[in-house]
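*Asks:* Residue strings, one per chain:
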Amino acid sequence: MPATSFEPDAFPDGWGHRNLLDLERLSTAEIRLLLDTAARFKEATEGCRRKLSVLTGRTIVNLFFENSTRTRTSFSLAARRLGADVVDFAASSSSLSKGESFIDTAKNLEAMGVDAVVVRHATPGTPHLLANHLSVGVINAGDGPHEHPTQGLLDIFSIREHRGDLAGATVGLVGDIAHSRTARSNMWGLMKLGAKVILCGPPTLVSQRWRELGVEVSHDLDAIVPRCDVLNLLRIQFERQNTRPFPSVREYAHLYAMTKERLKRAKRDLLILAPGPINRGVEVTAEVADCPQSLILDQVTNGLAVRMGVLWLTCGSRGSQAAITAHGQQGRVV
Amino acid sequence: MATLLIRGGRVVDPSQGLDGVHDVLVRDGLVVGVGSEGAQTIGKADETIDATGLVVCPGLVDMHVHLREPGREEDETIETGTRAALAGGFTSVACIPNTEPPIDTQSTVEFIHQKAARADTCNVFVVGCVSRDRAGKELADIGQLVEAGAVAFSDDGAPVYDAELMRRALEYCRMFDKPILAHEEVLELSHGGVMHEGLVSLVLGLTGMPAAAEEVMIGRDIALAEVTGGRLHVMHVSTAGGVALVRAAKARGARVTAEACPHHFTLTDECLRGFDSNFKMSPPLRTADDVEAIMAGLADGTLDCIATDHAPHAREKKMLELDRAPMGILGLETAVGLSVTRLVNTGRIGWPRLIEAMSTLPARILGVNRGTLRPGAIADITLIDPNLVWQVDVRKFCSKSVNSPFHGWTLTGRAVATIVAGRVKYRLAAS
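So the sequences go chain by chain: A and B. Under the numbering used here, read the first sequence as residues 937 to 1270, first letter to last. Under the numbering used here, read the second sequence as residues 6 to 436, first letter to last.
Hints may contain errors.
As the list claims (entries may be wrong) - Taking lysine to any residue and the SDA-like style, the derived pairs with C-alpha atoms no more than 20 Å apart in a straight line are:
id, chain 1, residue 1, chain 2, residue 2
1, B, Lys323, A, His1069
2, A, Lys1132, A, Leu1206
3, B, Lys322, A, Glu1036
4, B, Lys322, A, Ser1037
5, B, Lys401, B, Thr82
6, B, Lys322, A, Asn1044
7, B, Lys142, B, Tyr166
As the list claims (entries may be wrong) - Computed footprint of chain A on chain B, listed as stretches where at least three residues anywhere in the stretch have a Cβ under 8 Å from a Cβ of chain A:
id, stretch
8, 203-209
9, 326-338
Unchecked claim - Residues from chain A that keep clear of chain B, each with C-beta distances beyond 12 Å, as calculated:
id, residue
10, Asp945
11, Thr964
12, Pro1162
13, Glu1223
14, Ala1225
I should point out that these hints are in silico values taken from the structure, not numbers from a laboratory. C-beta: ideal position from N, C-alpha, C; glycine also.
Excised from the complex, chain B in its bound form (with noise of 0.2 Å):
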C-alpha cells in the first residue's frame, strides 16, 4: 500500500468548490482525500511532498495534441510529445488522429495503447477519424472505434468539408455521447494563405486568411449541431467572431463547447513582420482585438478550456520559404506559463477558473475519468510554482521539435511536478 502525502499545497479543484490550503493524501493512484488536518489524520505515508507555496491541482489535460506518431515520427513521438506534456505539466494528453495513417481504425488505437503503455509516461486518450482515411467521403467506423477507446472524433488538420457528413457524424454520434471536435476553415476563403488577412498581411504582401473563413464554417457547424442535437466541440477558436457565435449558441442552449490556444491569446499577426515560419499556424494569429475577445472569452467562459494544438514540425521543414513551411506551433510546455503571465497575473482569469480550463472541463468533454481529486478519483496531480520566473529555451525541451515562437521569453508559471495515477513522472530539476 503505497502512500503519497502532498503537504500544505494551495490545492485548486473546481470539481468540487475547492481553493484552500490542504494536504492531499494518494494511496496505491487514487486519491484518498483532501484534508486541512493535515498528517496528523491523514497518518504517515511512505512519501511525503512538501507543496508549500504550490498550486495543487488535478492534473492538466490537453484536448489536442498532435503526437504525429504513427507516420512521422521525424517531428514527434508518443514517447517524446508524452515526455513534453508532463514537463508541461499535463497528465493526460488527447492525441489528434492526423497520423499516417489516420487513426480510423481499431488496430491503430491499439497501437497508441501500447506504444503510450510502453512510454509509460501520461495517458494518452485517442481521438478517431470522423471520416474513413480521413478523405471527407464517408464515417469511419464509429461505433468500433468507440469500444476500441476512441473518447472523441476529429477530422483535424482540415474541416470536415461535407455538410452532410458533418451533420451524419454529429447524430451518429449522440448514441455514443462523444463530441465532434471540429477544424473550422472554409477552404476556398483561405485558399494559399500563410497568416490572417489584414493590413500587415497587406503590407507584406502575404496571402491572408480571413476571419470569415473561420467564422463561417463554426456558423454552419452549430447550426448542424442544433438540428442534431449532437456535441460540437469547437477547436482553436481564433477570432472574436468566432467567440461571438458561441457564446450565441450557448444562449440558445446549443450542444457546443470550444477551447483557446494559448498562442492564440498571447501573438498577433504583427508577429510575422519577420517571416519566421514559427509564427505560421491555422488558424493564424489574429488581431489584438482577437485576442481580446479570446481572453474575454476564457473568462466567462463561452471558451470552455485551453487547449495548446501542439504541432510539432522537424526543424527543416520549418526552414522554408514561409508559403512552403507547414502550419503549427508547439504548446506543451509552454501553456502553464503562457497561460499565468497572460491570464492570471494579468487579473484576467483566477486560478480556478485556470485549472477548470485546463482540466476539469477538458476531462469532462472528453468524457475521461479524471480532472478532479474527489476521493477515489485516479490521483493524476499537477504542482505548479505560481511564481518561478524562467526562460523558455527550446534546446531544453523534451518535445522533438523546436518550432516555438517563444525562445528567449520569460514567463512565470510552470509545472514542477506531475503525478500519474500517484506516481510522481516528472520533477523540475532544481536550477
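Excised from the complex, chain A in its bound form (with noise of 0.2 Å):
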C-alpha cells in the first residue's frame, strides 16, 4: 500500500485546541490521546521512515530563539514526512538582533500564512504570550527550564512501548530537576497517567517543595535505585546556573551518575532513558548509556512520531481547524 494513499480520516481527531503549551494544563484522555495519535503515525509510516501527505499545503515554522539541533530537526523531519513546508528562522540571523519584539516577529510570520508555529525560548510562558498574540496554532518545543512537552511525551511514549501501561510504574527522574524543562512536563504526564514519581539529585537542584505535588523526593540515588523501574537520566544544564549548585562535576558523578555498579543493584527490567544531549560520564556512564535496557535510541525515533501526531492535532485535526476558526472570531487579545 503506497503510504500517500491514507485519508486524514485515518488518524484521531477529537483535539480541540490549536496549540501544545504544556502536559500540566492537559486532562489524562488528552495525553492519551497525543500518545495513540503518534502510535498511529509511527505504524502509518512504518517507524516513521514513510512519508505521509495530510498536511500537505501547510506550513509549519521553526521559530527557534535558542539553539537547537535535535529538536528542530526532530520537527522539520516530522513535519516533512506528513507532506508540510517547513520555515527554519534563527533568532540571531533575524530582526530580533534588530530590536524587534518577539511578538511581532511572530505576527509577521503569521501575517506570511504560516499554519503553525513551533517555538523554542529560554525564556518560561513565551509560547503561552505567543499564543495569545497568535490565531495559529503553537506549539511549546522548549520554553526555559519550564515545559518540554514533546519531549515528555516521546520519553512515556518510549516507555509505553515497552512496559504497556504507565499505572503502578516507578519512575525516577535524576539531575538537574531545578532546570529541567523535560523533568517537568514528564513529572505532569506521569502522574496524570498514574505513574509514581521520584525525583532525585541534590538539595540545590532538587527542591523539596515538590513534595507538595505528590511527587516523592530523594536525595540518595543508590536508595532509590532499587525501587525504580524506569529511570530518565536528566542532562546538567550548566548554561541555566548563576552558581554551580554542587562542588564539582567529579563529586556530583559520584553521587548521582547511573553507572554499572549501580545498575547491577536495579531490577532486572529497569529501563533507561536520557534526552540527549547527554554528558557521558556525568550523568550516566558510556557503558549504562550503550547497554541493553537503554532507550535512548528509540526515544529519538519516537521523537517523530510523537511531533507527527502533536503537528497532525494541532494544525492538520478538524478540532485544530475548529479551534483556530473560533478563536479567529473571538478577536485578538487586546
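The two chains are supplied separately, each in an independent frame; assemble them into the complex guided by the hints.
*Replies:* Okay, here's the thing in C-alpha cells:
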C-alpha cells in the first residue's frame, strides 16, 4: 500500500485546541490521545520512515530563539513526513537582533500565512504569550526550564512501548530538576497516567517543595535505584546556572551518575532513558548509555512519531481547525 | 476671599481624632474649620459641595511614586503622573529619584519643582538620592538637596548596597531629621529573578526571588538604624518575615517606619501562572500567607502607611518575554479602590486607620505640612465615595502607561473630588 493512500480520516481527531503549550494543563484523556495518535503515525509510516500527505499545503515554521539541533531537526522531519512545508527561523539571523519584539516577529510570520509555529525560547511562558497574540497554532518546543511537552510525551511513549500501561510504574527522574523542562513535562505526564514519580538529585537542584505536588523527593540515588522501573537521567544544565549548585562535576558524578555498579542493584527490566544531549561520564557512564536496557535511540525515533502526532492534532485535525476558526471569531487579545 | 464649603460629609481626620458628619469650610486655600453646626455658623460660601454620603478626609499622600521625568517621558511625565494622582484622590506625591539623570543635585530638584508648578496639579515632594548618581559609592550632597527642598532620601529601584554607606546616610540625615527610604534586597539572592521563589516559580521554571532576599536586607538596615539612631523607612514590605522584623524593631523603640503596597495585600504569586508581565514587580507578589501578614501589619500599625510604588512602563516595554520585561505596576488610580475593597470592606481596618495610612502618617514621615484638616492647615482635601462600585479600565487612566493587572476588576470606593489648596483639581465625571 503506498503511503500516500492514507486519508486524513485514518488518523485520530478529537483534539479541541490549536496549541500544545504544556502537559500540566492537559487532561489524562488528552495525553492518551496524543500518545495514541503518535502510535498511529509510527505504524502508518512504518517506524517513521515513510512519507504521508495529510498536511500537504500546510506550512510549519520553526521559530527557535534558542539553539537546538535535535529538536528542530525532529520537528522538521516530522512535518516533512506529513507533507508539510517547513521554514526554519533562527533568532540570531533575524530582525530580533535589530530590536524587534518576539511578538512582532511572530505576527509577521503569521501574516505570511504559516499554519503553525513551533517555538523554542529560553524564557518560560513565551509560547503561552505567543498563543495569546496569534491565531494559528503554537507548539512549545521548550520554554526555558518550564516545559518541553513533546520531549515528555516521547519519553512516556518510549516507556509505554516497552511496558504497556504506565499505571503503577515507578519512574525516577535524576539530575538537574531545577533547570529541566524535560523533568517538568515528564512529571506532569507520568502523574496523570498513574505512575509514581521520584525526583532525585542534590537539594540545590531538587527542591523539597516538589513534595507538595505529590511526588517523592530523594537525594540518594543508591536508595531509589532498586525501587525504580524506569530511570530518566537528566543533563546538568551548566548554561542555566548562576552559581554552581554542587562542588565539582567529579563529586556530582560520584553521587548521581548512573554507573554499571548501580545498574547491578536495579531491577532486571529497568528501562533507562536520557533526553539528549547526554554528558557521558556525568549523569550516565558510557556502558550504561549503551546497555540493552537503554532506550536512548528509541527515544529519538519516537520523537518523530510524537511530533507527527502533535502536528497533525494541532494543525491538521478537524478539531484544531475548529479551534482556530473559533479563536479568529473571538478576535485578538487587546 | 474665596470660600468653599464642603457640606454634610463624614469627615475622617485622624490627626485630630475626628470621625463624624461635619462641614468643612475653606478660605483662601486654608482650612477655616470643621464644624457640626453647618453653614449657619460658618456663613455663606462662594462655592458649596454637597458631600452627603461621602468620606471627607485630608488629602491623600502617596510617598512612593515614580514620575519618570526627567529621562523616561515615554513612560510617564510629571504632568501625566500627577494627573493620575489627582484621579486617584492623592493631593501629594513624593517622587522617587531613580530618574535619568537621578535627582542628586539642586538643579534637578528645581527642575522637578518647576515642572510640577507648570503642571499645576497636585503637590510634588522630591525625594533625593542617597548616593551621588545613585551609584552607591558615596553620599550625594544631602544637605544641599535638603536646602533645595528634598524631603527624604532613597536609592530606590536598588538597595543601598554598601552597608557602610547606608550607615553613614542614616547617621548624616539625623541632622536634617530626614528619613532614608530603603529598597530592601540582597541582589545575589534575587539575581535574575522574575517572581517570588516558591512552589509556583518551581512549577513554572521561572527564576525566583526568595523572601530571604528582602528580609536579610531589612534586618541589616534595622540594625544600622538602631546603631545610628537614624530614621529608616522600609519601602514596599512584601513578606511576613519583613513585617515581623519591623514589628520587633518598633517594639525595641527603633526609629523605623514602613509601608505596604496595594498589590502586595491583594495579589499572590499564583497570578504569574498566565506569564503576564503586568504581574512582575520588585519586590514580587508573594504567597497568601504573606498577603495575610501585610494586612495584619497594616491593621496593627506595624506597617504605618499605604504607598503605591506607582511604576509606569510604556506598553512596548511590557510586551516582552517575562525575563526581559521591566519590573513595575501602576498604582495611583487603583489604590483607594483596592484599599477600600480589600481592607475596609473586609473589616480588616476602619476608615480612620485607612486615612491615617494614606494621609496622616505619610505626611508625618515625610515631614510635610499636610495630612490634617486642622484650622489653618493647607486645604488639601479628598472626597471619597465609599460605596461607589466601578470597573477598572486602563484606557481611561490619566497615567501615560497601562501596566495595571487590575484592568477589568470591579472595585468599591473611589475618589470623586480632589482638592488642592482649596481648589478643586479633579472631579469624577458622573456616569
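*Asks:* Under the criterion that the straight-line Cα-Cα distance not exceed 20 Å, is the pair Lys322(B), Glu1036(A) satisfied?
*Replies:* 11 Å, holds
*Asks:* Checking one constraint from the list: CA of Lys142(B) to CA of Tyr166(B), max 20 Å. Satisfied?
*Replies:* 9 Å, holds
*Asks:* Please verify whether Lys1132(A) and Leu1206(A) have alpha carbons no more than 20 Å apart.
*Replies:* 15 Å, holds
*Asks:* Examine the stretch 326-338 of chain B: at least three residues should have C-beta closer than 8 Å to a C-beta of chain A.
*Replies:* Held - the stretch 326-338 of chain B has 4 residues with a Cβ nearer than 8 Å to chain A, which meets the minimum of three.
*Asks:* Given the hint that Lys322(B) pairs with Ser1037(A), does the C-alpha gap stay at or below 20 Å?
*Replies:* Holds. Lys322(B) to Ser1037(A) sits at ~9 Å (cutoff 20 Å).
*Asks:* Count residues of the stretch 203-209 of chain B with a Cβ under 8 Å from any Cβ of chain A, then say if the count reaches three.
*Replies:* It holds: at least three residues are needed, and the stretch 203-209 of chain B offers 5 whose Cβ sits within less than 8 Å of chain A.
*Asks:* Would Asp945(A) pass as off the interface with chain B, using Cβ distances and a cut of 12 Å?
*Replies:* Holds, since 36 Å exceeds 12 Å.
*Asks:* Given the hint that Lys323(B) pairs with His1069(A), test it: the Cα-Cα distance must not exceed 20 Å.
*Replies:* 14 Å, holds
*Asks:* Decide if the proposed pair is consistent with the structure: Lys401(B) and Thr82(B), CA atoms, cutoff 20 Å inclusive.
*Replies:* 17 Å, holds
*Asks:* Within 20 Å, alpha carbon to alpha carbon, are Lys322(B) and Asn1044(A)?
*Replies:* It holds: about 19 Å lies between the C-alpha atoms, which stays within 20 Å.
*Asks:* Going by Cβ atoms, does Thr964(A) stay more than 12 Å from chain B at every point?
*Replies:* 18 Å, holds
*Asks:* Checking the smallest CB distance to chain B, is Pro1162(A) really beyond 12 Å?
*Replies:* 28 Å, holds
Checked against the numbered hints given earlier, the structure satisfies every one of them.
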